[in-house]
Amino acid sequence: MLRTLLLIGFLTILLGMGGQTASAEVTEVELQIDGLSCPFCVFNIEKPLKKIGAARSLEMNYKAGIVRMKVEPSQPVELSQFRQAVGETGFTLRAIRLTVIGTVSEWEGHPALDARGTGQQFLLFKEEGESALTPEHTVADPTLERQLAAWRSGGVLVETTGTVHEHQGLPPALAIDTIREMKP
Amino acid sequence: MKRPIGMLLALALVLPSISFAAINTDVALTPAKGQTILRTQYSQTRKGDDPTDQNRSMTVHAAKQVVVYGFSDATAGFLVVPYLDKDLRTVSDGQRISRQDSGMGDLALFVKQRLVRHDEPGATTRLAVLGGLELPTGEHDASDGLGRLPPALRLGSGSVDPFGGVVFTRQTQRYEVSQDLVYQVNTGHDDLQFGDVFRHDTGAWFRVWPKTSPEWTAPRALHAVLELNGVWQAKHQSGGTLKDSGGYTLFLSPGLQFVTSRWLWEASVQIPVVESLNGNELGTDWVIVAGARATF
Chain D
1 MLRTLLLIGF LTILLGMGGQ TASAEVTEVE LQIDGLSCPF CVFNIEKPLK
51 KIGAARSLEM NYKAGIVRMK VEPSQPVELS QFRQAVGETG FTLRAIRLTV
101 IGTVSEWEGH PALDARGTGQ QFLLFKEEGE SALTPEHTVA DPTLERQLAA
151 WRSGGVLVET TGTVHEHQGL PPALAIDTIR EMKP
Chain H
185 MKRPIGMLLA LALVLPSISF AAINTDVALT PAKGQTILRT QYSQTRKGDD
235 PTDQNRSMTV HAAKQVVVYG FSDATAGFLV VPYLDKDLRT VSDGQRISRQ
285 DSGMGDLALF VKQRLVRHDE PGATTRLAVL GGLELPTGEH DASDGLGRLP
335 PALRLGSGSV DPFGGVVFTR QTQRYEVSQD LVYQVNTGHD DLQFGDVFRH
385 DTGAWFRVWP KTSPEWTAPR ALHAVLELNG VWQAKHQSGG TLKDSGGYTL
435 FLSPGLQFVT SRWLWEASVQ IPVVESLNGN ELGTDWVIVA GARATF
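So the protein lines, in turn, are chains D and H. Everything in the first sequence is counted per our numbering, starting at 1 for the first residue and increasing by one. Everything in the second sequence is counted per our numbering, starting at 185 for the first residue and increasing by one.
Just so you know, these hints were derived from the structure itself, not from any lab. Mixed in with the good hints, there may be bad ones.
Said to hold, decoys possible - No more than 30 Å apart at the CA atoms, straight line, and that leaves these computed lysine-lysine pairs for DSSO-like:
| no. | chain 1 | residue 1 | chain 2 | residue 2 |
| --- | --- | --- | --- | --- |
| 1 | D | K183 | D | K51 |
| 2 | H | K231 | H | K248 |
| 3 | D | K70 | D | K126 |
| 4 | D | K47 | D | K70 |
| 5 | D | K63 | D | K51 |
| 6 | D | K63 | D | K47 |
| 7 | D | K63 | D | K50 |
| 8 | D | K47 | H | K248 |
| 9 | D | K47 | H | K231 |
| 10 | H | K217 | H | K248 |
| 11 | H | K217 | D | K51 |
| 12 | H | K395 | D | K47 |
| 13 | D | K50 | H | K217 |
| 14 | D | K70 | D | K51 |
| 15 | H | K217 | D | K70 |
| 16 | D | K126 | D | K63 |
| 17 | H | K419 | H | K248 |
| 18 | D | K63 | H | K427 |
| 19 | D | K50 | D | K70 |
| 20 | D | K183 | D | K126 |
| 21 | H | K395 | H | K231 |
| 22 | H | K231 | H | K419 |
| 23 | H | K217 | D | K63 |
Model the full assembly from the supplied sequences, consistent with the hints where possible.
Here's what the structure looks like:
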């Protein structure tokens, strides 16, 4: 009986931990915004972005036109929310950079990242061709390709930061800036 | 005098533009969608230089409230509410007399629609058109012991007057240049039709502090502002043309703005550098302007 109770307790803790990890996926969003040319612009941008539920904290580099947001672990990140918020302020969103934690997977033979928790999938690549991104685009780095394959087969948790590229009919893609194994 | 005026007008129209949400014009203000800008501004205008022997002088105190609301990222609505206090002093039969009126002036309601936007890192270029109405909310038929107040002392035109214009802005984190041109058709009421008005505002600001844009801290800046504000008005009509009305004045307006991400304080002095008025119209000695802006 005691052993059964201990087992139930252990499973409960394990499931609880699983619930926690399942909530964190995109940890940071960085928006690169064109047209920020006066201090008033900063408030114009900050106000709508702070209303997005996923944004936990927000800091802004006025000189470079960069807004950096930490993301609430429990909130899903919808890229369209950021596009809409910046669009309504009358500025131009040049790029979105994400920091994502997840496991390496595959999408139609192409390296991908399954975000922890929701499983939202991002294609991974290093170089984009002149035409639209296709699954044929490769990581273009044999060492990194081998590393991704190893992480994939081992189910290793990785953290990657990259710029979002979106193409019709494909999952969003991340142009990898950095990628590293998460220590347990 | 006509030639330099023509040259200056041409220059003002041709210059690529100077004048941010400048101090002496409201049309360049631009909120984001769902946001509001409030501007409050006090000005004092001193007129004198009377060419007649009546030794006339006039002082106008004005408190102006401007509310701008962003209907979308490209469309903004403006409400301008002026409160005026006018005091005309003159000599009549050897007696110094004062004629006064004060109260709300004519409200202006207009919409600005952005047509062009070109954003770059730390800079933007925009072109917008605007159109609206000045409404007859100011008293226009007040009298005192000497009879009906003269046109210059009235608080309103008594008529619904449409106006329209264009605004161009080029702004970077270091400087801004802009230009606006606005024409107002005065339709007239009862016995008086004020002359149409054409305004052009050319201005620039340059950030004098800090030397470089801040990075991860809240931005604040001190701007040195220089504007050229021109006002041309046609002669008034009242059973014929009033010869002592209308003309052109061009002001050189240096000023300062201190701006944070939510607040802005500003002050300017307008000095007439070109004045070509009709008949015995009173000229402007100077105008001082001070105010603040907030966005929320």
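Q) For the pair supplied as a hint, K183 of chain D and K126 of chain D, is the alpha-carbon distance within the 30 Å limit? A) holds, 24 Å
(Q) K70 of chain D and K126 of chain D were given as a pair; does the straight-line alpha-carbon distance stay at or below 30 Å? (A) Since the Cα atoms of K70 of chain D and K126 of chain D sit roughly 24 Å apart, the hinted pair holds (cutoff 30 Å).
Checking one constraint from the list: CA of K419 of chain H to CA of K248 of chain H, max 30 Å. Satisfied? holds, 26 Å
Checking one constraint from the list: CA of K231 of chain H to CA of K248 of chain H, max 30 Å. Satisfied? holds, 19 Å
- Message: Check whether the Cα positions of K47 of chain D and K70 of chain D lie no farther apart than 30 Å.
- Response: Holds: K47 of chain D and K70 of chain D sit about 16 Å apart, inside 30 Å.
30 Å limit on alpha-carbon distance, applied to hinted pair K126 of chain D and K63 of chain D | Holds: K126 of chain D and K63 of chain D sit about 28 Å apart, inside 30 Å.
Check: Is K63 of chain D close enough to K51 of chain D, meaning Cα to Cα at most 30 Å?
Finding: holds, 23 Å
Given hint K248 of chain H paired with K217 of chain H - CA-CA distance at most 30 Å:
holds, 24 Å
_Next pair to validate is K50 of chain D with K217 of chain H; report whether the Cα-Cα distance is within 30 Å._
Cα-Cα ~15 Å, so holds.
Restraint status (C-alpha distance of K217 of chain H to K63 of chain D at most 30 Å): holds, 23 Å
| Holds or violated: are the alpha carbons of K47 of chain D and K231 of chain H at most 30 Å from each other? | violated, 44 Å
| query | Between K63 of chain D and K50 of chain D, is the straight-line Cα distance small enough, at 30 Å or below? | reply | holds, 20 Å
Violated hints for the displayed structure, listed by number in ascending order: 1, 9, 18, 21.
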